[in-house]
Each structure stands twice: as structure tokens, then as C-alpha cells.
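Let the sequences and hints guide you as you build the complete structure.
Protein chains in written order, with my numbering: chain A, 1 to 381; chain B, 382 to 606.
Please keep in mind that the hints were generated in silico from the structure rather than gathered at the bench.
Honestly, I wouldn't trust all of these hints.
[Said to hold, decoys possible] Below are the DSBU-like pairs computed for lysine-lysine, each with C-alpha atoms no more than 35 Å apart in a straight line:
no. : chain 1 : residue 1 : chain 2 : residue 2
1   : A       : Lys373    : B       : Lys388
2   : B       : Lys487    : A       : Lys368
3   : B       : Lys601    : A       : Lys373
4   : A       : Lys373    : B       : Lys512
5   : A       : Lys346    : A       : Lys13
6   : B       : Lys523    : A       : Lys7
7   : B       : Lys500    : A       : Lys7
8   : B       : Lys500    : A       : Lys14
9   : B       : Lys603    : A       : Lys373
10  : B       : Lys512    : A       : Lys13
11  : B       : Lys570    : A       : Lys373
12  : A       : Lys128    : A       : Lys177
13  : A       : Lys13     : B       : Lys504
[To be verified] Here are some of the chain A residues that sit facing chain B, going by a computed Cβ distance under 7 Å:
no. : residue
14  : Met1
15  : Leu11
16  : Val287
17  : Val375
[Said to hold, decoys possible] Away from chain A, derived, C-beta distances all over 12 Å, residues of chain B:
no. : residue
18  : Glu384
19  : Thr402
20  : Pro414
21  : Asp505
For every residue, glycine included, the Cβ atom is placed at its ideal position computed from N, Cα and C.
Read off the chains here:
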Amino acid sequence: MYWTLIKAGVLRKKVRSVLTVLSVSIAFLLFGLLQAASPIFTGQMDGLRADLVMTMSRYSMVGKIPYSHVEFIKEIEEVESVLYMDYITSVSQDSMLDGITVAMGGDIQIYERFKISNEDLKAFKNLKIGALVGEAFAIEKDISIGDRVFVKSLSMNADGTYDWEFEVVGLYNSSPKADEMGIVVNYDYFEDSRISDKGTVAVIVSKVSNPEFADVISQKIDDEFTNSSWATRSGPESQLAASMMAEFGDIELIINAILSAVFFTILLVTGNTISQSVRERTTDLAVLKTLGYQDNQIFIMVLLEALFLILLGVFTGLGMSLLSIPAINAASGGLMEGLFFLTTEKLLLACFIGVLVSFVSSIMPAYKALNLKVVDALRSD
Amino acid sequence: MSETLIKVENVNKTYQRGGETLTVLDGLNLDVPNQDFLALMGPSGSGKSTLLNLMGGLDTPTSGGIGINGVQLDQMNAKQLSSWRSSNVGFIFQFYNLLPVLTADKNVELPLLLTNLSKSQRKDHVLTAMKAVGIDDRSDHKPNELSGGQQQRVAIARALVSDPDILVCDEPTGDLDRNTATEILELLKILNEDHGKTIIMVTHDPVAAESAKRVLHLDKGKLTN
Chain A
1 MYWTLIKAGV LRKKVRSVLT VLSVSIAFLL FGLLQAASPI FTGQMDGLRA DLVMTMSRYS
61 MVGKIPYSHV EFIKEIEEVE SVLYMDYITS VSQDSMLDGI TVAMGGDIQI YERFKISNED
121 LKAFKNLKIG ALVGEAFAIE KDISIGDRVF VKSLSMNADG TYDWEFEVVG LYNSSPKADE
181 MGIVVNYDYF EDSRISDKGT VAVIVSKVSN PEFADVISQK IDDEFTNSSW ATRSGPESQL
241 AASMMAEFGD IELIINAILS AVFFTILLVT GNTISQSVRE RTTDLAVLKT LGYQDNQIFI
301 MVLLEALFLI LLGVFTGLGM SLLSIPAINA ASGGLMEGLF FLTTEKLLLA CFIGVLVSFV
361 SSIMPAYKAL NLKVVDALRS D
Chain B
382 MSETLIKVEN VNKTYQRGGE TLTVLDGLNL DVPNQDFLAL MGPSGSGKST LLNLMGGLDT
442 PTSGGIGING VQLDQMNAKQ LSSWRSSNVG FIFQFYNLLP VLTADKNVEL PLLLTNLSKS
502 QRKDHVLTAM KAVGIDDRSD HKPNELSGGQ QQRVAIARAL VSDPDILVCD EPTGDLDRNT
562 ATEILELLKI LNEDHGKTII MVTHDPVAAE SAKRVLHLDK GKLTN
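Structure (C-alpha cells):
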């Protein structure tokens with residue numbers, strides 16, 4: 001019954017219905033794309049783990065902490081293995097690298113999202129100047145195993161230059177793909193060869209035996225160094241990344257504010273459309289009531305009509321988002337993979353918002369239709 | 382003519398407007414026998430449409446009783462009246478009041494969507510009703526593709542499709558030319574005489590009223606003959 005009536009209502013003004021669906025779909029396309037990109041802004045990336053505790057300088061994201069912290073953390077009972085790293089920032093266009101070279105020591109395989117073959121890892125450990133290059137970076141720069149890579153860095157080399165040279169011994173893959181745009185070198189070689197910041201690391205990553213211990217261990221590490229000049233900030237990787245991104249500003253709040261404004265506008269647009277549609281169909285609705293349709297059936301019909309229009313817009317908008325995401329990932333050369341995605345929760349949230357917008361925008365017109373007096377409506381015809 | 386189908390007893394209908402009480406129907410009594418074809422005439426504001434609405438279960442009297450087939454409409458609430466209307470009365474309007482985006486057969490089918498009939502049963506009923514009014518060859522046309530007379534035939538088919546005992550017609554020929562009006566009135570006569578429908582028709586047109594078996598005149602809320 002309802003389908004025939006909904007169809008009749010929607011098709012009465014085809015252009016208006018199409019424009020309404022289109023405006024809703026554009027809003028939800030925007031929702032889909034912003035939500036897909038939110039992991040980039042919020043640090044809530046796919047694959048971040050709760051059983052990895054990250055430790056870094058309390059005062060600066062690029063600050064240093066002493067290597068002795070590594071020794072302390074290794075001794076904590078629930079810590080299974082430790083990785084430590086420092087950054088070799090390239091400063092010149094002479095460098096082959098545009099970004100950061102990471103010097104890693106300890107258990108490199110602590111990050112399961114980095115895939116390194118056993119042979120490559122063995123070769124890396126056996127050669128002091130060995131380097132592992134991300135596959136995406138290797139493809140972009142046309143680097144092969146056995147090649148030499150050069151970095152001009154802020155860190156002075158023991159030979160008095162700022163030039164660092166490494167030999168590629170293997171490749172690694174990662175998810176997100178963006179992490180493949182880098183190069184990993186031996187911390188020991190970097191530590192031995194540098195002049196400044198000796199005995200320091202930038203980040204320590206410790207794998208704990210149970211994610212439930214992560215908060216306690218983080219607190220234990222921070223408490224240990226709280227009054228030292230090398231105070232630390234520790235936390236599970238999954239939380240720390242988000243809190244670091246929050247220091248740039250609450251981007252999620254900004255995204256939500258933009259979306260709220262969009263949905264409020266959509267609410268007004270659809271509310272106006274549904275009101276107008278019901279007003280124009282006063283006689284039709286009165287005739288339906290005359291034929292025996294009950295007040296509550298007419299009420300439900302108006303609600304369902306709005307729901308149909310808006311959900312059509314929601315699905316179209318989300319469909320466009322879902323089609324755009326692989327296209328955007330492909331256009332980025334795969335670098336956005338693992339960073340730019342829509343979760344089922346976000347899709348369900350969009351549907352919930354759609355239902356809510358539909359209900360709020362149609363409740364008043366539906367109520368008017370419910371209370372429509374047949375005799376008055378037909379008399380005014 | 383047979384037993385009384387509609388019994389209107391001492392019906393009053395008043396409206397409050399700007400603090401004033403307007404009396405539209407004033408102690409009106411009327412018996413309508415089964416299979417009657419009654420024309421209600423009278424000047425504008427005489428209360429004929431109000432009486433029609435009361436007998437069609439669209440409105441309730443301020444006081445008095447309206448009994449149809451032993452059922453007291455004045456005792457019913459809005460929901461009960463809706464259910465009663467859907468199976469007992471067919472409505473025919475001056476301006477047809479078809480849903481513009483639905484085809485003729487879909488318009489006719491509308492009352493049946495409230496029943497438990499299957500799709501094929503509904504289709505059969507629609508076809509029967511459309512054949513009865515001679516419009517079955519226009520079933521997939523939308524109202525704007527039909528002439529006024531054809532639209533009114535579709536509206537009559539819609540009124541007939543649930544096989545009600547009573548047809549309530551509010552100026553059914555008011556928007557039609559004379560020839561088409563005559564055709565529609567002939568159709569109503571057939572429905573009354575051959576199909577046993579009780580018809581109550583409001584009209585301003587004396588020629589249209591001649592098609593009825595009885596003509597009653599209202600003035601100032603009272604029957605004058």
C-alpha cells in the first residue's frame with residue numbers, strides 16, 4: 001500500500017525530488033570523504049596497536065631521550081621486546097630522499113605491519129651501512145637492491161660532512177602504504193657515525209605481553225623519568241598517535257562542525273521540500289482519507305516518503321564516496337591505502353543521520369497531514 | 382422501493398465562527414430507502430454538502446443521529462468512520478480528485494490497497510469496475526491524458542471498486558459539458574437501477590436532478606419539500 005502512495009508523492013514533482021535527492025547525496029558524499037580522511041587528521045589509523053607502547057620526549061615530538069631509557073624499559077617484566085629509533089632528517093634537494101630516514105635498532109619486526117623478508121632482514125643486520133627501502137619509494141626512485149642511496153642531513157657525519165650513504169640490501173612493504181615512502185637504516189651505524197646527539201633515540205617502541213598492561217607500563221615509564229631532564233611521554237600506539245595529532249588542533253571537531261552545518265542545511269532543505277509537497281497535496285491526502293485511509297496511515301506515509309527520498313540520497317552519496325575512495329587511493333599511487341577508508345561504523349552512522357534528518361524534517365508536515373480535516377480540505381479545494 | 386437504508390434523525394450541525402454560532406443543519410429528518418437515487422438541491426450555504434458529508438461518514442453531527450444499515454455513524458470515532466467508509470461508501474467529486482501521477486487503473490485500485498486482497502484479485506476487481514463504467518481501454522492512461530468525462534468515469538470506477546452500497550456524489554457533472562454530463566448521469570442511473578446502488582447526489586443543475594428518482598430541496602438547513 002505504502003509503496004504506491006510513496007511513489008505517487010515522490011513522482012508528483014520529479015525535478016524537485018531529483019534535486020532533493022541530489023542535495024542530500026552531495027552532503028553524504030562530503031560526509032563519506034571527510035570521514036574517510038579523518039584517520040589522517042586524527043591519528044586513528046588502521047592497524048595501530050594497543051599492545052605497543054610508544055615512548056618519546058615529553059616536551060617535543062622531535063625531542064630526544066637517552067638510550068639508557070631503552071635499557072630501563074627492557075627490564076620491565078611485561079615488556080617482551082623493544083625497538084628504538086631516531087630520525088635522520090634530509091635537508092637538501094641533493095638527497096635522494098624527500099622525507100625521513102629512520103635509524104632503527106632492537107626488534108625491528110615489532111611492527112607487524114612492516115613486512116620484511118627474513119633474507120632481507122638478515123642482510124640488513126649483517127651490513128652496517130645496509131638499508132631497507134620501502135617498495136613504493138624504491139619504485140618511485142627506481143632503486144634496486146645493491147644500489148647506494150644518499151642523504152644530506154642535519155646530523156654531521158664523523159667525516160665532517162652532512163652526507164650519509166647507505167647500501168640497499170632489501171625492501172619492505174607496509175600498510176598504510178604511505179609508510180613505504182621511507183628508508184630504514186641501522187641505528188648502531190648511525191649512532192657510531194654521528195657527531196651530535198650521541199646516545200639518544202627519538203622513539204622507543206615496546207611490545208607488552210598483554211594490551212591491558214599498556215596503560216600501566218606507560219605510566220610506570222613516565223613516572224620513572226618524570227623529574228628528570230629527559231621526561232617522557234608514553235602510551236599505547238593507538239592512543240598516542242591520536243593525542244599527538246590532537247596537539248595540532250581538534251581537527252575531528254572541525255570536521256564535525258562542517259558536517260553539522262551541512263546536515264543542518266539539508267534538514268532545512270528537506271523540511272521545506274516535504275512541507276511544500278504535503279501542502280500541495282492537501283486535496284490528494286483528503287481524498288485518500290475519504291477513501292478510508294486512516295489518519296495514522298497518512299502520517300506514516302509522509303514519514304516514509306521523506307525517509308525514501310533521504311535514504312536514496314544517503315545511499316547515492318555513500319555510493320559515490322565508496323567509488324571515489326579506491327579512485328583517490330589509486331591516484332595517490334596507493335599511498336593513501338590504510339589511511340583513507342570508510343568503516344562499517346561510519347556507514348551505519350551515515351544511515352542513522354539520514355534517518356534522523358528524515359524524521360526531523362518530516363515530523364511537522366506528517367503531523368499536519370495527520371490532523372487534516374477532510375471536510376475542510378475538500379471545501380477549500 | 383425497499384426498506385430504509387439511511388435514517389437521519391433530528392440532525393443539527395453548527396459551526397463556531399468568530400464567536401458566532403452558525404447553524405448549517407437545523408433539526409433535519411430524512412429517510413433514504415435502499416436503492417434510492419436522491420438529488421439534493423438548494424442555494425449555496427443551504428447545508429446540502431454538509432448533509433452529504435454526514436451521510437458519507439466524513440463528518441459527524443453536532444446533535445441528532447445518522448443510522449445507515451443499522452449502524453449509528455454519530456457514535457463512531459474517526460478511525461471507525463474511516464473503516465466504515467472504505468467498505469460502505471463510494472465518493473464522486475466535481476473535480477474527480479484523481480491522483481495525477483497514478484494511471485487510471487492505479488487510481489481505481491487505491492481503495493483496494495486497504496483490503497487483504499491479493500494483487501491478482503485487486504487487478505480483477507479494478508478491471509470489473511473499469512468495464513462497468515466503460516473506461517477499461519484507458520487503464521494505463523494518466524488523468525492528464527484523459528478528457529473530463531473519462532476522468533469522471535475513472536472516479537466512478539474508483540467509487541465502485543470496493544462494491545459499496547452507497548454512492549455519494551458532490552456535483553458529479555459540475556465540471557462537464559452537457560453531452561458528457563448526460564453520459565455520466567446515464568451511467569449513474571444504470572448503477573442505481575441495474576446494480577442496486579443507493580445514490581445521493583448534490584447538484585445545482587435541474588437537468589441533472591431529473592435523472593434522480595427523488596429531488597429534495599434544502600434551504601437554511603431545513604428540507605423545504
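Consistency of the hints with the structure:
no.	hint	in the structure
1	Lys373(A) <-> Lys388(B)	holds (24 Å)
2	Lys487(B) <-> Lys368(A)	holds (26 Å)
3	Lys601(B) <-> Lys373(A)	holds (24 Å)
4	Lys373(A) <-> Lys512(B)	holds (33 Å)
5	Lys346(A) <-> Lys13(A)	holds (32 Å)
6	Lys523(B) <-> Lys7(A)	holds (14 Å)
7	Lys500(B) <-> Lys7(A)	holds (17 Å)
8	Lys500(B) <-> Lys14(A)	holds (27 Å)
9	Lys603(B) <-> Lys373(A)	holds (25 Å)
10	Lys512(B) <-> Lys13(A)	holds (31 Å)
11	Lys570(B) <-> Lys373(A)	holds (31 Å)
12	Lys128(A) <-> Lys177(A)	holds (26 Å)
13	Lys13(A) <-> Lys504(B)	holds (27 Å)
14	Met1	holds (4 Å)
15	Leu11	holds (4 Å)
16	Val287	holds (5 Å)
17	Val375	holds (5 Å)
18	Glu384	holds (25 Å)
19	Thr402	holds (18 Å)
20	Pro414	holds (24 Å)
21	Asp505	holds (17 Å)
Checked against the numbered hints listed earlier, the structure breaks none of them; every hint is satisfied.
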